[in-house]
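> Spelled out from the first residue to the last, the chains are:
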Amino acid sequence: MNVDELLLDRHIIVCTGSGGVGKTTSAAALALRAAELGRRTIVCTIDPARRLAQSMGLEQLGGDPKLVPVTTGRSKSKGELWAMMLDMKSTFDQMVLEMTTPERAEKIFENPFYHHISSTLAGTQEYMAMEKLWELHEEGRWELIVIDTPPTRSALDFLDAPRRLTDFLEGRFLRLMMLPYMKAGKTGLRMINFGTRVALRAVTRITGSDLFADVADFFQQFEGMYETFKQRSKRVRELLQARRTAFLVVTAPTEPSLKEARYFSERLTDEKIPLGGVIVNRAHAVPGVAGLEDPNSLAARAGDGVLADALRTYGEWRAVSLREERLLEGTLGAIKDTPVWRVPDLADDVHDLKALREIGQLLADAAR
Amino acid sequence: MSSMPTSLTASRVAVVSGKGGVGKTTVAAALAIAAARAGKHVLLAEMEDREAFAPIFGLRKLAYTEQTIAPNITGLTVEADEALVDYLRMFYGIPTISRALMRTKAVEFATQTAPGLKDILLIGKVKEAESRRHEGRHVFDLIVVDAPPTGRLPRFLDAPRAVVELVKGGQIRTQAQGVLDMVTDPKRCQVVMVAQPEEMPVRETEETIETLSKMGIALGPIVMNGVWPEIRSLGKEPEQTLRAAASDAGVDLTDEAISVLAGVATTHARRARNQRKAMKSLANDVSLPQIELPYLFTEHMGRPEVEQLSQILAECVT
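Going down the list, the sequences are from chains A and B.
Just so it is clear: in the first sequence, position 338 is 338 by the numbering used here, and no numbers are missing.
Just so it is clear: in the second sequence, position 270 is 1270 by the numbering used here, and no numbers are missing.
Only chain A is shown next, with the shape it has when bound in the complex (with noise of 0.2 Å):
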């Protein structure tokens, strides 16, 4: 399947890799291209520089979906372009509100505690997105939701870390250690066994017990939601491996890079998550050509100048595409039925719609 009839076909495309690989870049590119392809899109990035959120015409992006101003050239195309910020904390407190009666919420809302998870406990980031994605996914607006991932030092913390929040929030441990601050679970303390009650005596003494009274609250006004935090993160994670999903693997060709992209495609299969293809980013491309099998040396007759740079230029450029290649094949091939996409690296920035339309065209063209 190649690029665009991986656009058409999907209603969801999400886009995860290590930091730094381009995958905001690849996200906004993918969603012009299927808009520009004529259909409804949104496109739901993390973090985007600001720069890339003003290469969409718009000054900021914000937690609320806006139409880019696109000129798709074909006047009767019913495409459309939509750009959003994820905002993890207004997501969360819409989920809160969801989830209980605005008396609680208020409460939870007031919580120190739940500041703190809501801004930055590992995995909440993780864990809005997809609550996001299936927010967008509900309202039933767009044909195509395209989703960047958080820039998680490992492309594989996205998976885990939905499980490690609702973990956190059910945990058997956490209620357990926060029974001596819980109105109603003082008898239990002395269920505990004694390296829990020596460990908790410690923890108290180093966090000071104020803290800890606001994060018993905490859970006491969460008790009941566990089950819906659970719910909802099951069938979040149904929708990920549905037909219509596809996941995007975006990478690097260097060597760390690479090696992270094989491993998580290969968690995804093992998750029964659609893995739609590897997107290649700033790849060298050089092609061998007659006559240019030893630059070096024709450098060196050629003297020095603009022929002599030249020629040195095109044996490094050529030397880095041949080891990208056997890179590439050593660490990619083994995925099979996956196509591999490469894009060459550019000379300018991508900054503005036209740069992007470049990047999803070379998508579109390129081949494994």
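Don't take every hint at face value.
[To be verified] Here are the computed lysine-lysine pairs in the DSS-like style, where the Cα-Cα straight-line distance is at most 25 Å:
{"#": "1", "chain 1": "B", "residue 1": "1214", "chain 2": "B", "residue 2": "1280"}
{"#": "2", "chain 1": "B", "residue 1": "1236", "chain 2": "A", "residue 2": "354"}
{"#": "3", "chain 1": "B", "residue 1": "1277", "chain 2": "B", "residue 2": "1236"}
{"#": "4", "chain 1": "A", "residue 1": "354", "chain 2": "B", "residue 2": "1277"}
{"#": "5", "chain 1": "A", "residue 1": "272", "chain 2": "A", "residue 2": "336"}
{"#": "6", "chain 1": "A", "residue 1": "230", "chain 2": "A", "residue 2": "107"}
{"#": "7", "chain 1": "B", "residue 1": "1040", "chain 2": "B", "residue 2": "1187"}
{"#": "8", "chain 1": "B", "residue 1": "1187", "chain 2": "B", "residue 2": "1214"}
{"#": "9", "chain 1": "B", "residue 1": "1061", "chain 2": "A", "residue 2": "259"}
I should point out that these hints are in silico values taken from the structure, not numbers from a laboratory.
Got chain A; can you put chain B on it based on the hints?
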């Protein structure tokens, strides 16, 4: 630019950070090697299990236990849970607590519930190494920290202040205050930003520098990584220029060769020019010296490549 002090070792702790993918780990390793060659005792510390340094030093992975990984270089992976156990052992002196803690997952609990606790444990370990003395002398002359990427860096370095504000008393507050003192003392700690000469990384570097300055954190020189060599322009008619030059030099090239050469050289020259522009724009906005590291035309950063970069950084080790 040359008139400004460009010392990467102006403070005992060099926190190396940058946008993901700009090569901060490579730069951190190169700095450690350069300083070690200059006779300094260096601690190279990575935050959590990143396994990034190990291959450069020919190891499978770094451990939480300090180990010599190269002449004059001690390597260490700082893990939050291990750091907490360390910390408890130091202040409470009961190893059994540690084992009980590990068993009950209390560490995970504590680091997840208390804001910034995990970060403070990580930097706390750095602080411990920074102030460690043996026979009255500092054990380490330089501590190179491979810090979280710029997106997480301000929060990481802000953790001690946040804890000081949040936790009213107890050991952790004292500890946090100690870390805060170190982080905000330019003689003890500076942040070395690694950037790539492209618009977006440069923009992000500027934003981070602004944020860190407001937090009272000192900044060292910026390391500009992956600078492409400049080549002579082929002018408006690249193919014609090359054809003429080939004929002058008596080098026989096919039309296809000329066309490919012109394409590669033009793209390269254009990108190199854009890089210069990005560096200039950064110099205009931020009054920090920039140290240039060349692009190495390789996708693999092994020991030889890091050594090569360390030769350049050596000039900025004082």
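> State for each hint whether it applies.
Against the structure, the hints come out as follows:
no.: 1; hint: B:1214 to B:1280; verdict: holds (23 Å)
no.: 2; hint: B:1236 to A:354; verdict: holds (23 Å)
no.: 3; hint: B:1277 to B:1236; verdict: holds (20 Å)
no.: 4; hint: A:354 to B:1277; verdict: holds (21 Å)
no.: 5; hint: A:272 to A:336; verdict: holds (15 Å)
no.: 6; hint: A:230 to A:107; verdict: holds (22 Å)
no.: 7; hint: B:1040 to B:1187; verdict: holds (17 Å)
no.: 8; hint: B:1187 to B:1214; verdict: holds (17 Å)
no.: 9; hint: B:1061 to A:259; verdict: holds (17 Å)
Checked against the numbered hints above, the structure breaks none of them.
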